[in-house]
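Peer 1: Please work from the sequences and hints to get the whole structure.
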Amino acid sequence: MQRFTCPFCGPRDETEFHFAAEAAKVRPEPAPEVTDAAWADHLYGTDAPKGHAREVWVHLTCGEFFVMTRNTVTRDVADTEALPGRRA
Amino acid sequence: MMRYSGFTLFRQGLSGHRGWQPAWDKATPKPAYDAVIVGGGGHGLATAYYLAKVHGLRRVAVLEKGWIGGGNTGRNTTVIRSNYFYPESVALYDFALRLYEGLSKELNYNIMLSQRGMLIAAHTPMQMEICTRIANAMQLNGVDGTLMSGAEARERLPLLNQTADARFACLGGVWQGRAGVARHDAVAWGYARAASALGVDIIENCTVTGLDIRGGRIAGVETTLGPIRNDRLGIAAAGATPGLAALAGVRLPIHTYALQAFVSEPVKPMLDTVLLYLGTGTYLSQSDKGELVFGGGLDRVPTHGQRGNLPSQETITSGLLEMFPAFGQLKLLRQWAGVVDVVPDSSPVIGPVGPEGLFINCGWGTGGFKAIPAGGWLLAHLLATGTHHEISRPFDLDRFARGRLIDEAAGSGIAH
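Chains A and B are the protein sequences, given in the same order.
For the first sequence, our numbering gives the first residue as 1, with consecutive numbering after it.
For the second sequence, our numbering gives the first residue as 89, with consecutive numbering after it.
Hints may contain errors.
From chain A, some residues computed to sit far from chain B (all C-beta separations above 10 Å) [claimed, not checked]:
no.	residue
1	1
2	75
3	78
Label-pair distances were calculated between CB atoms; the ranges are [said to hold, decoys possible]:
no.	chain 1	residue 1	chain 2	residue 2	range
4	B	319	A	32	36 to 42 Å
5	B	251	A	11	36 to 42 Å
6	B	422	A	60	27 to 33 Å
7	A	33	B	305	25 to 31 Å
8	B	213	A	35	32 to 38 Å
9	A	33	B	303	42 to 48 Å
10	B	378	A	60	39 to 45 Å
11	B	90	A	37	46 to 52 Å
12	A	62	B	251	52 to 58 Å
13	A	65	B	212	31 to 37 Å
14	A	74	B	189	31 to 37 Å
15	B	114	A	74	28 to 34 Å
Over 12 Å on every C-beta distance to chain B, these chain A residues come out as not near it, computed from the model [as the list claims (entries may be wrong)]:
no.	residue
16	17
17	50
18	79
19	83
Read the hints as simulated data drawn from the structure, not as lab findings.
Backbone N, C-alpha and C fix where the C-beta goes; we use that ideal spot for every residue, glycine too.
Peer 2: Structure representation (structure tokens):
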């Protein structure tokens, strides 16, 4: 069992967490000028990086979303931090 | 190519089995090919075979970074079925099943296809309604799906937990009689042998490091064994697909997850079907050697590492023991994981992407093995003609921009 650290609650079992999305996705603007292909890429496109990754996860128990930096091959977690504007 | 038959076996037996030849040639890259396929698993090898066999292309190469069949083709639970919900999916997976049914004869290689039937079992009245819906959909799509009663299921599966307080008492489910299992390595080896006999170069230990793109067209690939010129490139590399597509500047709707499976010590014959329980998410079959081969849903953590994690192991094995308490006596022989490419609507992506001449066959998620002949056939069609086969058209990447998703997770309740 791996332990992840919620910035708000501290280290907990991995079963309390769920992957949400890759971090730093920017909504394309202005909306009326966004093509179908660009919108589909925003909604569904992923990099699925091998190795270093920055991802948004949710701690299911407290409901907070946060950023996790980890290695997708070794599963080592380097850092977790609150989303911008949220105080841990 | 040496033809396999009872007579060949007899003749080789007389000479002490010293005359067997390698099943396929170990090739080194030539400077140029008509078409190159990245990924020497089932899908890639089948693509090469159908390119040569059906479309007459002779200068074809398959590039594999490890050894052929060493990725997900060798890391699955060998189940073959076409019990899906949407007409597009049934057309795809039943095409694969029909090709599988004639494959041993076509390839002159025994893939040990065993159509022992598969039950998707329900343990609540609501799940029985879901099963009825799937059976109806299968019949409307012209596939052999029927509803099986609880009594019939318990007769077929006498070791199922049938006690009064069983948490997952079996009420019956959807039955597909043509479903079954095949020898997974034999599928890769059979396609490799038949493709090699038609002149296809199968190149192992060759990693693609870059793509040569000129004027918006594929011109070649850079590999660890040097550059290769080609104007048609097919990618069939499962979990490695996002990284390869990124070389062409293409982003795909794919998350990669580990999917793990398990094999127990061998026991005497006690299970002559494939069983999937909707309630536990665990599925199993008994191999011809007697081992119980079982698996379940995806690991919860996206990863590229080919190993499983403990919470999923607990879920899958506890599901097995809920269904068959007697299996608590069994020892686990081994456990493994493959990296699978999961798409939001749980259907594959087949079609052209990015620069002209580039085609992908990916996104099979947890179910690529059963689709190998169809995936190969359709990617070969794309590479040879540049246009979609009618079966692959709905699975083009453009379905995400058009909103025409084929959501099999919702349709047939598959694991991802």
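Peer 1: Against each hint, give a clear statement of whether it holds in the structure.
Peer 2: Here is how each hint holds up against the structure:
Remark: the non-interface label on residue 1/A conflicts with the geometry, its nearest Cβ contact in chain B lying 5 Å away (cut-off 10 Å). Some Cβ of chain B comes within 10 Å of the Cβ of residue 75/A; the nearest lies about 6 Å off, and the non-interface call is violated. The beta carbon of residue 78/A is kept farther than 10 Å from every beta carbon of chain B, the shortest such distance being approximately 15 Å. Between residue 319/B and residue 32/A the beta carbon distance is about 38 Å. The supplied range of 36 to 42 Å therefore holds.
At about 40 Å, the beta-carbon gap between residue 251/B and residue 11/A stays in the expected band of 36 to 42 Å. Separation of residue 422/B from residue 60/A is about 32 Å and conforms to the stated range, judged on CB atoms against 27 to 33 Å. Evaluation of the 25 to 31 Å hint for residue 33/A and residue 305/B yields a pass: the beta carbon distance comes to about 29 Å. Between residue 213/B and residue 35/A the CB atoms are about 47 Å apart, so this pair departs from the stated range of 32 to 38 Å.
Separated by about 28 Å at the C-beta atoms, residue 33/A and residue 303/B break the suggested range of 42 to 48 Å. Under the hint 39 to 45 Å, the C-beta atoms of residue 378/B and residue 60/A, about 41 Å apart, fit the expected range. Remark: the range hint 46 to 52 Å for residue 90/B to residue 37/A is upheld by a beta-carbon distance near 50 Å. Under the hint 52 to 58 Å, the C-beta atoms of residue 62/A and residue 251/B, about 40 Å apart, miss the expected range.
Roughly 33 Å separates the CB atoms of residue 65/A and residue 212/B, a value that falls within the hinted 31 to 37 Å. Roughly 42 Å separates the CB atoms of residue 74/A and residue 189/B, a value that falls outside the hinted 31 to 37 Å. A beta carbon spacing of about 32 Å between residue 114/B and residue 74/A agrees with the range 28 to 34 Å that was offered as a hint. Chain B draws residue 17/A into its interface by the beta-carbon criterion, the shortest separation being 8 Å against a cut-off of 12 Å.
The Cβ of residue 50/A sits about 5 Å from the closest Cβ of chain B, inside the 12 Å cut-off, so the non-interface label is violated. Interface exclusion of residue 79/A from chain B stands, the closest Cβ pair being 16 Å apart, more than 12 Å. Every Cβ of chain B is farther than 12 Å from the Cβ of residue 83/A; the closest lies at roughly 19 Å, confirming the non-interface assignment.
Violation of the numbered hints given earlier is confined to hints 1, 2, 8, 9, 12, 14, 16, 17; the remaining hints are satisfied by the structure.
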